[in-house]
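There are 2 protein chains.
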Amino acid sequence: MEPGDAARLGPGWAARALPPRLLLMLLLGRGLRGAAAASSYGAAAEDSSAMEELATEKEAEESHRQDSVSLLTFILLLTLTILTIWLFKHRRVRFLHETGLAMIYGLIVGVILRYGTTATSGHDKSLSCTQEDRAFSTLLVNVSGKFFEYTLKGEISPGKVNSVEQNDMLRKVTFDPEVFFNILLPPIIFHAGYSLKKRHFFRNLGSILAYAFLGTAVSCFIIGNLMYGVVKLMKIVGQLSDKFYYTDCLFFGAIISATDPVTVLAIFNELHADVDLYALLFGESVLNDAVAIVLSSSIVAYQPAGLNTHAFDAAAFFKSVGIFLGIFSGSFTMGAVTGVVTALVTKFTKLHCFPLLETALFFLMSWSTFLLAEACGFTGVVAVLFCGITQAHYTYNNLSVESRSRTKQLFEVLHFLAENFIFSYMGLALFTFQKHVFSPVFIIGAFVAIFLGRAAHIYPLSFFLNLGRRHKIGWNFQHMMMFSGLRGAMAFALAIRDTASYARQMMFTTTLLIVFFTVWIIGGGTTPMLSWLNIRVGVDPDQDPPPNNDSFQVLQGDGSDSARGNRTKQESAWLFRLWYSFDHNYLKPILTHSGPPLTTTLPAWCGLLAQCLTSPQVYENQEPLREEDSDFILTEGDLTLTFGDSTVTANGSSGSHTASMSLEGGRRMKSSSEEVLERDLGMGDQKVSSRGTRLVFPLEDNVRLPAQSPE
Amino acid sequence: MEPGDAARLGPGWAARALPPRLLLMLLLGRGLRGAAAASSYGAAAEDSSAMEELATEKEAEESHRQDSVSLLTFILLLTLTILTIWLFKHRRVRFLHETGLAMIYGLIVGVILRYGTTATSGHDKSLSCTQEDRAFSTLLVNVSGKFFEYTLKGEISPGKVNSVEQNDMLRKVTFDPEVFFNILLPPIIFHAGYSLKKRHFFRNLGSILAYAFLGTAVSCFIIGNLMYGVVKLMKIVGQLSDKFYYTDCLFFGAIISATDPVTVLAIFNELHADVDLYALLFGESVLNDAVAIVLSSSIVAYQPAGLNTHAFDAAAFFKSVGIFLGIFSGSFTMGAVTGVVTALVTKFTKLHCFPLLETALFFLMSWSTFLLAEACGFTGVVAVLFCGITQAHYTYNNLSVESRSRTKQLFEVLHFLAENFIFSYMGLALFTFQKHVFSPVFIIGAFVAIFLGRAAHIYPLSFFLNLGRRHKIGWNFQHMMMFSGLRGAMAFALAIRDTASYARQMMFTTTLLIVFFTVWIIGGGTTPMLSWLNIRVGVDPDQDPPPNNDSFQVLQGDGSDSARGNRTKQESAWLFRLWYSFDHNYLKPILTHSGPPLTTTLPAWCGLLAQCLTSPQVYENQEPLREEDSDFILTEGDLTLTFGDSTVTANGSSGSHTASMSLEGGRRMKSSSEEVLERDLGMGDQKVSSRGTRLVFPLEDNVRLPAQSPE
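In the order they appear, the protein sequences are chains A and B.
Letter by letter, the first sequence follows residues 1 to 711 of UniProt numbering.
Letter by letter, the second sequence follows residues 1 to 711 of UniProt numbering.
It should be emphasised that the hints constitute simulated quantities derived from the structure, not laboratory data.
In this list, chains with the same sequence are indistinguishable; a pair is considered to hold if it fits within one copy or across any two.
Here are the simulated lysine-lysine pairs, DSS-like style, with alpha carbons at most 27 Å apart: (1) Lys89 <-> Lys197; (2) Lys89 <-> Lys408; (3) Lys350 <-> Lys408; (4) Lys89 <-> Lys350.
Here chain A stands alone, though its shape is the one from the complex:
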């Protein structure tokens, strides 16, 4: 290349001086190198005719313009969605959620793009060049003595070779599937973890874990097997034109098991529906996303020794299980570790004087989780989820007030944009995606299968959980959970990742239709369903449900006091108690400024270490009164109430009093001494019991306390 040729690039260079190639590439992910390429080409082709150069430049310009226009299309779609959402919120319309709306607008634009635009010939010039034995990821091509580097974009199915030069606009709006996994999902998932309402989440942790792990696995296998039946049927009827293995069916079961009740939860939030139901639904949907991802990779990894994928191979099966456990625990660890590191950094530096730095650090550390997990071969999205939970549980306590709202708001905006983007893309994809395989039998079968799968997931599991729960999961709750089995962004992202084979294309189309149907119908039906099922609304989410909550009590029956005590013991099971006391006594004091001083909880011989790790604030307010901690105090208060059930009900307000006290503490934060004073003066009679609650869970008291409570 000769010097000075840039100066001879011609006016075209100036006109497209700053092409947003990468911004676009980031989102469109394909065909965007064209502009860059043609530009380089224009620079290089000095010896070729000026006409040709001009043509290439025009082409590049045109392509660049189209890229901008297609991205603009999405932005305008989102803008339109936002304005309509506002109108809906303004008029309190609840039958259509913003995500449903985004899909509708996407659909409309998709129809316009599909049928309204002329099929312009592609700008990409294609050249067939036969290679010998394998595809390389990079090609060096020699053009009249100049070398050009090409990168592999992917395989083209033989039938599509001639349609590569198809409608440009349609191709432009079809994104690289990895965008969904690597750009759009992480903020959504992180936000889910970060905005988890911890108090209710942890109180229902056991049930949530059961629903998310067992339930998703059950649902996956049931759907997989049912779909295998459907596929067999299709083969008999002659509706199946290509292979469809059992593993494909299981894979479909895995991707479609990721529920995403975003519309239901939005309505719950708006109507302040029951917090426990909210926690169950939200917790389950957050965790089952992670389970579904890992499950689907494990199923793909299931590879029997022979080529007959129908045969069951124990070794391969256990390998898959091993992979599942490995990826899941690895990703979990990654997320937790970066969360803990962030907590330590924010605790031991005085970064909270500079909210901007703090927010930036928080953002970077959370992002690094994703990369770290990917670098170690784990799953970034799952790691990001647990990182979000850890950040909310520990780091959030150490942040300055400004950073707390900054980080919340930052991720809220990212989440909002990413989510609506995905949903409007889904609407668009129905018409612009070019590899749809519509199979009515499969689709109907899938709808039946997800219904049955959800039923087999919720009802039996709820039955078993109710054996151990004090607050039973009522029938109305179970029906609501059954009803709320929407499929959303995660199922879509998993389905679009690989649409190479016939089976996968059929799955993708079906998933898309399931998402549409569930979001529109269930989203619209939530409000009627809530009132039909008699689920109480208008609950203050920070308020504890009253001990005599109807929806619980009615279906719970009248257990005797001893039976209650028994259940109580079961709810606050050893795992949770162990975890709670460990967290409260060691983790919280080490990682945050709250909790009891380590010097009192750690054995004497690590006194120096304990002193180093305990922050001075802890001594000042031994009663942890910080905002986030109130979550746990509440849990504590709640559990005290649970333990001292028979005694507390005598003087009535004791339990709720403790709760509201802690709430006040969380809200006022600064007036901790005032708080203590108030307590000492006004609630002298409760002092002993309230001190008692602090000691409910130290490990050594585990055995004694339940025995004491009935006295």
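Starting from the known structure of chain A, arrange chain B on it as the hints suggest.
Just chain B, lined up with the frame of chain A:
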């Protein structure tokens, strides 16, 4: 491709289940398709040997891991920078700014990567395949009957063909230059526009425009010509090994004329240095970035008819000038239009009840500016700047209080991350960029040239501006401006865009060194320089400088009152007055909730339209007391003070009193009635003059008022 093969992808698929390919591609921009490619390949190559498949998979995994690691490197760098910045701020260290720090860390990591890592062989398999006449942007390659699509990545200079398989890590950390233009610069530039301190900016608008446009052009031509001399000298000495045209020199002049006094301004902010100096420096640097971008594209577009680029071609020159004007005004219009549209949308909807929606809309509209400008062939970065200014001036007024802080904080974080990213990349690039051309003569020449260019830019222009300014730009200010000619992100981004030719590579290396030198030395020297030049610090940025400001007065000489009145008239020149009254009477009322009702300012015959456009709030508080408006009230107060100079100085505090009143209004906002009461009671004697200020600028009064003031 056969169905079910995904199931046979092997455990490797699971292990790298969610590669952050695109997140990485977004930032690394090259070589990242490898993983995807190999993955597709793995799926396709069923018939090839299992060994080979496994090898490809391993390769892909390795490459993917390296991508993650290299991005992690940057994140850790930024994290480290943040922590050190905190330490510096904590200990009030001012000799090194965060950007300087980011560069140092980048430099260290660059050295480690360069000399510490072994040159692993690249994972990219290359294949030379000779094509006939031109490079296409897409290649279809036929491998044993399967078709693969390849995209053009760019040309490789002949010397580098064999070094493509070089140290992978070094390649990985070398980003696609367009990343800087399309991902990192827009938030930086938008933030600059959005956070502009409008009051001082508009007061110094004339000077700022002069510095930014004339100054940058002067600086560009002087540097270009000096460098041409240097290049000639190098040719004589024999230091030049390739061609270096006059247009290249001018191009260098353009890119290096974009000043970026980020470190100086940070220190100004911290020390609360003089607000006018701040406004001059900040305004100039913001606008000259835009000028430099457009200037450099225009110079590239300068293409004389013949091939002899030395010859001056009038037609080509005027074409370049036309392109400059066209791109600049086009981009300006784009930015302003989207800003205005956003203002209208936020004014006429009640979106401010939903801050999340509002923030999302704001973000999307601002981003669409960039795309819109690019789609129309203008410059996105420049459009984004003017969009930011418009948004701050109009839209900001319509936002809810929460959205105001949200948008500010969102862009602040983005700006912070992007800026530090660029600077740490610069540090890294010094060692990892593989096409450096170090030419001592050129580098020394460039340092001399930018010094002379800056001098020729500041001193003569200041002299001419002082002829027309009441508040003279004192010598100390001029020296400070001369001193603050740092080069930063913009110069770097412009230099790295095209490093194909020898001349460009030399420019890039030189630019990098200039950035290093100026950021470190000038950044460290700002505080001593400020005290040495006697520039007052500790000024409340919201406070007007006192009329008897020493640094002004001392150097201003003792002008008589009449001379002062004369200057006054010149400062508030017709252009500004015209703009101000138009903005205050028409634009503000149409686009925001403040300003006088349109029904009073528009002619009677458009009464209905005026009524529709005027928001009801305006009638309630005819005195615009909203936060942002206080900026203009202050300007107004200031100008009143200016007009009534000889009279006001008699009773002393009048002017500053008006100013502080407006400030109070800006801060309290809600207590407007209280305000009015206070004014009516306590300052009855000033009521007339204070009413007078409201009427200083209506168009019809333009002529009469200055004549009235001396009385």
